[in-house]
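Sequences and hints are given; from them, build the entire structure.
Residue numbers (full-length UniProt numbering), protein chains in the order written: chain A, 1 to 296; chain B, 1 to 396.
Treat the hints as calculated values from the structure; they're not laboratory data. Treat the hints loosely; a few may be bogus.
[Unchecked claim] Reference listing, derived: stretches of chain A covered by chain B, where coverage requires no fewer than 3 residues with Cβ under 8 Å from a Cβ of chain B:
#, region
1, 125-137
2, 157-166
3, 282-294
[Stated by the list, open to error] Now the in silico label distances, taken between C-beta atoms and shown as ranges:
#, chain 1, residue 1, chain 2, residue 2, range
4, A, Ala-53, B, Asp-252, 38 to 44 Å
5, A, Arg-97, B, Asn-289, 35 to 41 Å
6, B, Lys-169, A, Phe-257, 35 to 41 Å
7, B, Gln-146, A, Leu-240, 22 to 28 Å
8, A, Glu-249, B, Ser-312, 30 to 36 Å
9, A, Lys-136, B, Asp-344, 43 to 49 Å
10, B, Lys-353, A, Glu-196, 27 to 33 Å
11, A, Glu-246, B, Lys-169, 41 to 47 Å
All figures in this text were calculated on a predicted structure; none of them were measured in a lab. For every residue, glycine included, the Cβ atom is placed at its ideal position computed from N, Cα and C.
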Amino acid sequence: MLLNIVHGTESGGFIVIEDTVKYSGREILKCFINAALKRGEDVHVMGFETSEAELRAGLDSSCVQKIHFHKGHPDPLGWTCKSSFTVQQFTTRDITRLVQNTPYNKASVLIVDSLSFVLRHHQPVVICQRLQELKKVGVVKTIVGLLHSDLHLQGVVESVCHLANAVISVAPANNEHCGVAKTTRRTKSGKLMQEEEYFDMSEDAALSVQTRPHQPGHVQTEPDKPKADPTSNLTFNLRLSKKEKEAKEKVALPFVFSQEKKSALLRPTPGSGRITYEPDANDDFDEEDPDDDLDV
Amino acid sequence: MAAPGKGMAGPAGVNTTSFQKKSRSKLVSIPGTRPSVQNGQLIVSTGVTSLDYVIGGGLAVGTLLLVEEDRYDSYSHMLLKYFLAEGVVCGHEVFLASARDHPDEIMQELPSPIVDDVGSVKTKEGQAQPCDQENQDTMTIAWRYQNQPRVQNALASSVRFGHYYDVSKTMEPEVRQAVKCHSFYALQESPTTTESSLLSSPYHALLQSIRSVIRKEGFDGSTPQSKVRNVLRLGLHSLGSPLWGDDLCCTDNPAHCHSLTTFLYALRGLLRTSLSVAVVTVPSHLMQNKSVMGQIIRLSDTAIALESFRGSEKETNPLYKDYHGLLHVRQVPRLNCLVCEVPDTKDLAFKLKRKQFTIERLHLPPDLSETVSRVSKIELAGGCGTTATGNKHLDF
Chain A
1 MLLNIVHGTE
11 SGGFIVIEDT
21 VKYSGREILK
31 CFINAALKRG
41 EDVHVMGFET
51 SEAELRAGLD
61 SSCVQKIHFH
71 KGHPDPLGWT
81 CKSSFTVQQF
91 TTRDITRLVQ
101 NTPYNKASVL
111 IVDSLSFVLR
121 HHQPVVICQR
131 LQELKKVGVV
141 KTIVGLLHSD
151 LHLQGVVESV
161 CHLANAVISV
171 APANNEHCGV
181 AKTTRRTKSG
191 KLMQEEEYFD
201 MSEDAALSVQ
211 TRPHQPGHVQ
221 TEPDKPKADP
231 TSNLTFNLRL
241 SKKEKEAKEK
251 VALPFVFSQE
261 KKSALLRPTP
271 GSGRITYEPD
281 ANDDFDEEDP
291 DDDLDV
Chain B
1 MAAPGKGMAG
11 PAGVNTTSFQ
21 KKSRSKLVSI
31 PGTRPSVQNG
41 QLIVSTGVTS
51 LDYVIGGGLA
61 VGTLLLVEED
71 RYDSYSHMLL
81 KYFLAEGVVC
91 GHEVFLASAR
101 DHPDEIMQEL
111 PSPIVDDVGS
121 VKTKEGQAQP
131 CDQENQDTMT
141 IAWRYQNQPR
151 VQNALASSVR
161 FGHYYDVSKT
171 MEPEVRQAVK
181 CHSFYALQES
191 PTTTESSLLS
201 SPYHALLQSI
211 RSVIRKEGFD
221 GSTPQSKVRN
231 VLRLGLHSLG
241 SPLWGDDLCC
251 TDNPAHCHSL
261 TTFLYALRGL
271 LRTSLSVAVV
281 TVPSHLMQNK
291 SVMGQIIRLS
301 DTAIALESFR
311 GSEKETNPLY
321 KDYHGLLHVR
331 QVPRLNCLVC
341 EVPDTKDLAF
351 KLKRKQFTIE
361 RLHLPPDLSE
371 TVSRVSKIEL
381 AGGCGTTATG
391 NKHLDF
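See the structure below:
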């Protein structure tokens, strides 16, 4: 599923790459850029954390010129007024204007490196609303953001991931050089798909995915023990031979009535709780009410 | 003695009474509603008959149902759509407010009602089956019990109230447009400076919008009696999420921590004074401050929580393999009476099938296998200083 999302076979939306200090998700971000370039889409990259050179390294050199890089990196807050795009400009209006300024006639992809930086300089609620607006306005088909989950409160991370159509969490694999990616994807109809895959990156930003079976270190489900037969090893016989079974079937049961009497008894009677009592010889059934002579 | 007493529900909890209250009262008769058997309140169906049974027959008009969303908001979204679809089918007016998807998109995804009676086939399972040759061969010894109703796992009352929907098809646009629908989309509202500092901007605008709809359409009785009375169904999606401008989900100490609670308080006041019902879904799994959830539950009338197995470790648990999630009933209201109607079991699980959203009693058998861990008394007596792998026996 990771490859499907990266290569964009499913329609865009908002994709979050969640990483930690143990394993960086920037490689997957590069894969997204690469795949989008190969599809011929317009790529807008907002770099706040890394320099342009670092992000361009390793990408396919033929299409690397087509990236629109909005340089925030050396000066993302605009202190020295040297950057073309500051973090304060992360608003719906500014981004829409930016995307529409560049001549485009195809679907565009917006790559945010990183969303954590933006979240630290704006209120999370405002960013969530802006991301939702960007999704709805439709100028940008796909938004991919890199989120460092250990930099924020758990609530912020969960709120942003709740908005996303797909969340890819990367972590280092136990004993290997590759990483493990846990992908959660939610379709428009509300269906949810989850998968855990091992992935590996090559020099030219190509992603290869292997699905490995469970590591032997994990707890495995125990195979069912064959259930012990309780009728063996007893001093008495609990089994029936064939003849004994036939004889058992032939025993006349009490209360086995003929078909008519059965159906007569089974017919639903109007009152299911009818008591019929016949007084026998010892009963003294007096019709008078003993309380009649009370003077109350 | 003039009037016979009301039929009490049997000890099994299934509502087997066929008692019909003879009402010469001036209770308004509105299509799609009926008086409740328990306390005479006017109730509407939530769209899911099993849910109606669990909350005591249906939703009383003038109350608020709170649904705590499951982790990925799939089943709570479905419940909201069932509620709105029921409103369309019964001819009630519908008000939908949402911040994530546009209300028109949600209205286009409503499930289509099933015209032929799927439900009646199910309720007849419990009643007496006609005696015929095949049935009598099923039991040889206990044949007298053949016609007794089998114990039902699925919760359903004997009286059919509510409709069934086919999830795979969407409702026809003609059916949908026969009903008046008001909508409120939070992202389109421009933030205005509000006079009250208690309510943040989207909630204030939403409250104003609801108030104006109620007043204009006359649900609070302000228009003269000549107009036919109707019920307004309000569906509010995902209140409290960051898209509503509320930072309850982001931090432990939100700036406007009382915004949502004030809104719910005002909303319930509006509901009580008009012929309307509201269903509110809240993403409780995102809320960082757990005490806020308690306040929100207290401020609503009926509260249920959905817990879906998708994505959690319970998915592989063989006990839960037939179901999609658990349903927890957090609160049931006591409306004008001393005792509320509580379902007899709190172990409820739900399953979304194509034609029905069933809620069933989850029967968990006792775990008698040999590998189950039983805490032995020797380990417990080790004292607070011992670790699990350390010495269990103290030597002096």
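Structure-based check of all given hints:
| no. | hint | verdict |
| --- | --- | --- |
| 1 | 125-137 | holds (count 6) |
| 2 | 157-166 | holds (count 4) |
| 3 | 282-294 | violated (count 0) |
| 4 | Ala-53/A - Asp-252/B: 38 to 44 Å | holds (40 Å) |
| 5 | Arg-97/A - Asn-289/B: 35 to 41 Å | holds (38 Å) |
| 6 | Lys-169/B - Phe-257/A: 35 to 41 Å | violated (51 Å) |
| 7 | Gln-146/B - Leu-240/A: 22 to 28 Å | holds (27 Å) |
| 8 | Glu-249/A - Ser-312/B: 30 to 36 Å | violated (50 Å) |
| 9 | Lys-136/A - Asp-344/B: 43 to 49 Å | holds (46 Å) |
| 10 | Lys-353/B - Glu-196/A: 27 to 33 Å | holds (29 Å) |
| 11 | Glu-246/A - Lys-169/B: 41 to 47 Å | violated (55 Å) |
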